[in-house]
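Q: The whole structure should be built from the sequences, with the hints applied where relevant.
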Amino acid sequence: MSEHTLTSVIEGDLFAVLLYLEGQRIDLSYNGSDTYRSTNTIAVAGPLNVTFVGRGVSPAAWKLTISKGTKKLVEHEDTIGPGNISAFSTNVEIKEDGNASSKSASTKGGAKKSSKKGGS
Amino acid sequence: MITPLKRALACSSLVALLAAVTCAQSALQDASGESSVFIKDGGGFARINPTDKSIDIGFLRDRGDERWYFGLDAKGKAGGNFASLFSGRTPAPEARLGFTLGKRFVAVDSDFRTIQKCAKTTAPELLANPPKLTPEGREQFVEKLKASRAPELLKEITQTRRDEIKQELLKRAKEDGASATVAELYAEQLADKRVAAEAETLAKKADERAEEEAKNKLAASGGLDPNAGPLDPAGADVLAKALCAAEDPNLIRRLDPDWLAFRFEYTRASYKLLNTGGAFADQIRKQNFDGFSATVAYNALITLDSVKELRKQREALRAARRNNLDPPELTPRESKGSVILGISLGVKRANNIDDLKSTDVEDQIFTSSSETTQRSAFAKQTVLRGDYKEYIAVPLNTDVVWYPGRFRSRIAFDFFTRSNLGSTDRKFVPGAGVFLTKEGKPTKVVGGISLAYDDGKARLGLVSGFHF
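In order, the protein sequence lines correspond to chains A and B. With numbering that gives the first Met the number 0, the residue at position 93 of the first sequence is 92, and numbering never jumps. With numbering that gives the first Met the number 0, the residue at position 413 of the second sequence is 412, and numbering never jumps.
Derived by calculation from the structure, the hints in this document are not laboratory data. Some hints here could point you the wrong way.
Over 12 Å on every C-beta distance to chain B, these chain A residues come out as not near it, computed from the model [to be verified]:
#, residue
1, SER1
2, GLU2
3, HIS3
4, THR4
5, THR6
6, SER28
7, ASN30
8, ALA42
9, ASN48
10, LYS67
11, LYS70
12, LYS71
13, GLU74
14, SER88
15, ASN90
16, LYS94
Here are the simulated PhoX-like pairs of lysine-lysine, each with C-alpha atoms no more than 25 Å apart in a straight line [unchecked claim]:
#, chain 1, residue 1, chain 2, residue 2
17, B, LYS311, B, LYS285
18, B, LYS143, A, LYS94
19, B, LYS145, A, LYS94
20, A, LYS62, B, LYS443
21, B, LYS443, B, LYS102
22, B, LYS145, A, LYS62
23, B, LYS335, B, LYS440
Yeah, the Cβ is synthetic: ideal placement off N, Cα and C, and Gly gets one too.
A: Okay, structure coming up:
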């Protein structure tokens, strides 16, 4: 298990946001201009799981960025779907050099698939 | 009072000191700049508004979820020119302190709570029956392994085949009476050529063997992802939350989210009033005003999409996953639209300052004359003229903001009422407005028009928004 300091940024005209990194709810703070942000140290065994649920008036646009230092591990843009909800999940392998490879899935209004992750 | 147009112009002239820009609690306002829709406003901000001659600073602690959020803000407004904000020569005649408290997910379960509940039942399920690869997943696994293993196997197969060919050629050359050296040279040269001729067959063989290896590996893992490793309780919890976010039908609700906001304000203001009928010394008097207001607002976002259908889609996803099948293909569709409901009730100590007229008064404070010149000096001040009153107002505002899906939420229709239940200036003002919103930002208004029926007259309001 290794620890990583990760910065999460969610941008968008959203009414509610919920972000999990490796199953832990992230305490975000709002900057007053459609951006939520947080920096956390997360213990990761295997790939890092990122799960996001956002709510707003469909089709509000949103963008999720997870970075380690200056390296972007996850950069995903989408819009709020039918039902005024959008869900996104990805597993990202954090390499020693900070680079990443990911496998992701997103849902709009309760659609589509999810990604799977094995335990440690 | 700041008109919406003035407010919008003010927003457009914000200086570079801005830390954040949100010009109004809601851009979906009527001609008086009022609304019952309280969309989050704040964060750490500091703004200077040269048109309104004011400084506004504040802080909002908002995590974007079901936990209470709160904010503090303060505003100072100059009475003279804008420079007086900094020079201190003219004390600001209006100062406002505000406190906001709010909570999302009031009548509905929060997303966090819904996912927690779902994960609580899903995680043990995953531990008992670890998720197997779907047909698509199996195919992907085999293809991936084939791609990585086949070149290695091809190398091995090619070398083995070359050795076989060479041995055969050596044997034949020796049978034909060639010397060992000649036979070796002959076999070496010809073996490469023959192997090259068989390249396609050998590559196919390597692919087949790689595929067989991958399938054997899959069979040995019992259909589980051989790369995933065993699932422990922590891993199951992480996976369960990711699956619940995508599959739980309980996350699809007609009304979601809703939020409650409380707003308290204290205003200290100072005005100069002109009383033309008074004695000279009393004609201009200073009037202090201590105003307060307390407002509670309830807002809700409602989807016009078929909740039943969206829930079914999620159930189908869950069923497919439980049966180790590929997720069903869903046709992407547009939302049918949304509605924001808003109702707010407040009580405030108000005055009729907006009804008073602004007048410039000049006092001649010095005169002197020579044979050819007469010199005068004037002291000029701006005062308010009219009958000043203070009263308790009880504003009740309602809004129904409709975003038709066919316009992709670029257009919003607002049907509103503005009432005062207080004994003074009691009124009921119904109205409607239409707003153009920014693409991808349905609550950010680019421009709009509203029409209200106020005291027997139609009142037209224009709203213009600038977003940076």
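Q: Does each hint hold? Answer for all of them.
A: Now the hints, each set against the structure:
no.: 1; hint: SER1; verdict: 15 Å, holds
no.: 2; hint: GLU2; verdict: 15 Å, holds
no.: 3; hint: HIS3; verdict: 15 Å, holds
no.: 4; hint: THR4; verdict: 19 Å, holds
no.: 5; hint: THR6; verdict: 16 Å, holds
no.: 6; hint: SER28; verdict: 7 Å, violated
no.: 7; hint: ASN30; verdict: 4 Å, violated
no.: 8; hint: ALA42; verdict: 10 Å, violated
no.: 9; hint: ASN48; verdict: 5 Å, violated
no.: 10; hint: LYS67; verdict: 18 Å, holds
no.: 11; hint: LYS70; verdict: 22 Å, holds
no.: 12; hint: LYS71; verdict: 20 Å, holds
no.: 13; hint: GLU74; verdict: 17 Å, holds
no.: 14; hint: SER88; verdict: 4 Å, violated
no.: 15; hint: ASN90; verdict: 8 Å, violated
no.: 16; hint: LYS94; verdict: 16 Å, holds
no.: 17; hint: LYS311/B - LYS285/B; verdict: 67 Å, violated
no.: 18; hint: LYS143/B - LYS94/A; verdict: 20 Å, holds
no.: 19; hint: LYS145/B - LYS94/A; verdict: 24 Å, holds
no.: 20; hint: LYS62/A - LYS443/B; verdict: 17 Å, holds
no.: 21; hint: LYS443/B - LYS102/B; verdict: 21 Å, holds
no.: 22; hint: LYS145/B - LYS62/A; verdict: 35 Å, violated
no.: 23; hint: LYS335/B - LYS440/B; verdict: 17 Å, holds
Going down the numbered hints, you'll see the structure goes against 6, 7, 8, 9, 14, 15, 17, 22, while the others check out.
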